[in-house]
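Peer 1: One-letter residues, chain by chain:
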Amino acid sequence: MSPATPTPTLTGNRGLHIEEPLIFEQGHPDKCGVDLPEPADKPDRLGGLARSGPIGLPGLSEPEVVRHYTRLSQKNYAIDSGFYPLGSCTMKHNPRLNERLARLPGFADLHPFQPEATVQGALAVMHRLSAWLLGLTGMEAVALSPGAGAHGELCGMQAIRAALDARGDDGRRVVLVPDSAHGTNPATAALCGFRVRGIPGDARGRVDLAAFKAALDDGVAGVMLTNPNTCGLFETDILALSEAVHAAGAYFYLDGANFNAIVGRVKIADLGVDAMHINLHKTFSTPHGGGGPGAGPTVLSPALAPFAPLPYVVHDGAGYRLVEHVEGNARPFGRMKGFHGQFGVFVRALAYIMSMGRDGLHRASGDAVLNANYLLARLGEALTPSFEGPCMHEALFDDRFLKGTGVSTLDFAKAMLDEGFHPMTMYFPLVVHGAMLMEPTETESRDSLDAFCDAVLALAAKAKAGDAAFFTHAPRHTPRRRLDETRAARHPVLRWEPPAPTRAAE
Amino acid sequence: MRYLPLTDDDRRAMLARIGAASVDDLFRDVPPAALSDATPGGGFDALPDHATEMAVERDLAALAARNTTAGSVPSFLGAGAYRHHVPAAVDHLIQRGEFLTAYTPYQPEVSQGTLQYLYEFQTQVALITGMEVANASMYDAATGVAEAAAMACRVTRRKRVLLSGRLHPHYRAATETFLRYTDIETEALDPDPMAVEDLIGRVNPGTACVVVQNPDFFGRLSDLAALADACHAEGALLIVAVAEPVSLGLVTPPGAMGADIVVAEGHAIGSPLNFGGPGVGLFATRKKFVRHMPGRLAGETVDEDGRRGWVLTLSTREQHIRREKATSNICTNSGLIALAWTIHMTLLGEAGFTKLARLNHMKAVELVEHLETVPNLKVVTPTFFNEVLVRLPGHGAAAIVETLAEKGLLAGVPLSRFYPTYPELADGLLVCATETTESADMAALAAALTEALR
Amino acid sequence: MSTLYFTEDHEWISVDGDTATVGITDYAQQQLGDVVFVEVPEAGKVLTKGDEAAVVESVKAASEVYAPVSGTVTEGNADLADAPAAVNEDPMGEGWFFKLTLADAGELDDLMDPAAYESFVKGLE
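Protein chains in written order, with the numbering used here: chain A, 1 to 506; chain B, 1 to 454; chain C, 1 to 125.
Honestly, the hints are just simulated from the structure, not real lab data. Check each hint, because a few of them may be wrong.
What the hints assert, rightly or not - Computed beta-carbon distance windows for the label pairs:
id: 1; chain 1: B; residue 1: Lys378; chain 2: A; residue 2: Gln26; range: 23 to 31 angstroms
id: 2; chain 1: B; residue 1: Arg58; chain 2: A; residue 2: Gly420; range: 53 to 61 angstroms
id: 3; chain 1: C; residue 1: Met92; chain 2: A; residue 2: Glu497; range: 33 to 41 angstroms
id: 4; chain 1: B; residue 1: Arg154; chain 2: A; residue 2: Asp30; range: 39 to 47 angstroms
id: 5; chain 1: A; residue 1: Gly420; chain 2: B; residue 2: Glu132; range: 38 to 46 angstroms
id: 6; chain 1: C; residue 1: Ala103; chain 2: A; residue 2: Glu497; range: 46 to 54 angstroms
id: 7; chain 1: B; residue 1: Ala225; chain 2: A; residue 2: Pro499; range: 52 to 60 angstroms
id: 8; chain 1: C; residue 1: Met92; chain 2: A; residue 2: Ala461; range: 41 to 49 angstroms
id: 9; chain 1: A; residue 1: Arg195; chain 2: C; residue 2: Ala83; range: 46 to 54 angstroms
We put the CB at the ideal spot given by N, CA and C, even for glycine.
Input sequences plus hints: build the corresponding full structure.
Peer 2: Below, the structure written as structure tokens:
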């Protein structure tokens, strides 16, 4: 049985899904959504550099603007509206207390270059967040300023490069990266002037310890590992791995993307880590915002701490100070970002951490791992788990269960959209075929997980029953059906252009 | 614990289904030596336990109350962060959960909202910068400039980057840091607000790009057309940074002056100051360079039923596919701040944006009139948008700023905050006015400076 | 009369005297899916066997095309800039990538003939 395409409406609208033109197609030059005072009429001081001719921006009144963006919002899936099991992304609930506190004028209405005496509360927020991150990881220092995870990786790897340079070691230019790593790892290593040497995984989904040790030589600057790894598994040999790295004179970078599995349970310092970034927008609940802003504070070991980038906050008898230039024995490798980092994100993360506390974070990582193992147990009956459990906070399946059905991982995911669920991460990690990586997080209820499992098991049964067309033409009920990505890439249309006749008239 | 839905009954039933004895049992792959919470005495004992919403709110509100907000006193602070009035609708709309709590739009069928506003954002950015295409944003302008310099090296296949001494010192530092361990060489000129920089004389066939700012860090507006011509004559690119995006409503845009890449800090439109972050980097270039451009791009296409829609496109430039050969290691943009920016821009429209820009400039012209009444003070910026550099001969600007802050007046940003090793700049003060600056504030500043400089 | 050779990286080389034309095979284009962009080398570029010579991108993947033999590029296929679909539709014909003048005809001995390539591809399936 293949459901019929819904009967088209006369307008193209479908109930709550309303077709919304671009702002450029509905604006009018005479409309404006703000009322501004009249500027004075004095001679300008532009030196003859005043703009000539119109810009071409559309004008809309406030009610039209509110409706436009409200309608657009209704075309988006979000954690607020449903289960979002994107592996490696930690799509947990975003508490609204975080939002309220970040908007207090005492935080939101601060200029970055106010005198220190007028921003002691803001510096205290940065200092207190730093203390929490150091307490939870056992590390020596933290650089708050990186703008997101990949930027934090760059911070950690640049600190490693700076430490090597400081000891005059210019022969180490190789970084070991497991084949299962996020794409950001090799991209970051390359930016630091390192060459990447891939490390294969073993049959258990872990780094092959023997191959790893064989790859370690005196040309190796460091290793970039993810733990729990991108297969959702804890690296059981982690202590042996870090010991071998240090014995070889290299540094250990840990990709903290999966910190949510172990926060409040494992101190990163105890694993022998030299640097790790922390995604505040994953582990510490700040919103993903449709693709940022995040924040990627990076914790550093005593060996790398002197090289932490500017700026950072210190507390002495007189109060909090923002260190913006080299001082004391510090040898910062530079500055990563403008101003003082993602301050608004810091406030949100601190509100979350204080809300959860030591005991709450411990329980959260426990529930995150429990929820993932529950998915592994329930879905393992019909899907094909790639590795034996227990898993950590995410469960990895591959597409063996779809073999011979004519249904791909992508088709399966698109059918999930019709059932009201955001799909899992697909085709990552690269080490298994047709990967489906599911990360439920601790903020999903058992009912929510059961509803998801029921839907996925029903879909798996349908695929195995041979109804490929149900999948290959999914989704049917979403604001748009499958989009033609080939056309978008072959003939890129990256901005709106006025229709040709209007242009000719200009 | 209010964010955790599982009950003890749930946990028991789920563990039974899994076949595990306890939640701790699920952590059996973690070496015991690494499990801090199991250690007697606990590795995390120094950390406090969970807190109620009321308690956290009280605690952090107390910290917020220790700050002097920029809006509560006359404020003339700029230097890359500009305080503007943001309409109420902006913050209301960006807090809709469908925007706030969505991920990057990897499933376009259920992400058309994000994709459409990114496409509109890209168009607005291209229009105001005078460029052909723009991406879906960068972290901020500082990282955007760094990425632009790296991009220019890819386009030209050259390895030398020349930075103006009038570039925002944070943009300069972030660029130098970003490129520090690559094979790209950066040369940055000294910050000299009085001299005319000879950038043209330094462009040669090895130059990948020249990076300038307009208005520059000291407030001065310049015509960059001759520099653009000189760059192009040598096969180099001109990168123009814009710290105050509102200026683009009144000033000839970099694209019209011949820029090849424009990077702007968008933060000042749509977002509160937020102590400097998060920001949003606007990034625009020429169409022919689009495949060298970092960052995400939304592009138009059609769906299976032939209806118009949007997708992320040209993603083969990105790290998840190209890995070590990617154009950048970046995987997020600044989606929500880009949304705030585009909503504010849509509310403004052509009429509002150009009027806001004119209003800012006229406020600055008025501010200069006030400042010119202060004895022992020199306004040194000849042509400007909404910010100027003044010199206070014989005085350290930082000390004057501290003195005035104690009197409830945020007078400006002293250059010594950025250039502590340049004693000759210690008397320099950046002073800015926006539409939020009242005439009475300007009079108060002039009076306070007159007294302090006596 | 040209002779056809293949590499294990799924490139084909059609040799006529000391001139060779290079492209990717039908198997390669099928694996890539819809090709959306091709970057070809400029005339005059000197390539050593194994050098990165071109880049081919589909929606989801990007691959380098390595020089199967050493030589000097005489022409890149400029038509691919506007019509990358030719790589899918006619990989052995209009979808060619670049032409070069051979530096060392002896290098051809290391490559596969059509029959060897056919069995090589069969072994992959």
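Peer 1: Taking the hints in turn, state whether each one holds.
Peer 2: Here is how each hint holds up against the structure:
1. At about 50 angstroms, the beta-carbon gap between Lys378 of chain B and Gln26 of chain A misses the expected band of 23 to 31 angstroms.
2. Under the hint 53 to 61 angstroms, the C-beta atoms of Arg58 of chain B and Gly420 of chain A, about 39 angstroms apart, miss the expected range.
3. Between Met92 of chain C and Glu497 of chain A the Cβ separation comes to about 38 angstroms, which falls inside the hinted range of 33 to 41 angstroms.
4. Judged by the Cβ atoms, the range 39 to 47 angstroms given for Arg154 of chain B and Asp30 of chain A holds: they are separated by roughly 44 angstroms.
5. For Gly420 of chain A and Glu132 of chain B, the Cβ-Cβ distance of about 40 angstroms falls inside the hinted range of 38 to 46 angstroms, so the restraint holds.
6. At roughly 47 angstroms, the beta-carbon separation of Ala103 of chain C and Glu497 of chain A lies within the given 46 to 54 angstroms, and the hint holds.
7. Our hint of 52 to 60 angstroms for Ala225 of chain B and Pro499 of chain A is violated, since their Cβ atoms are close to 31 angstroms apart.
8. The hinted range of 41 to 49 angstroms is satisfied by Met92 of chain C and Ala461 of chain A, whose Cβ atoms lie roughly 43 angstroms apart.
9. At roughly 36 angstroms, the beta carbons of Arg195 of chain A and Ala83 of chain C sit outside the given window of 46 to 54 angstroms.
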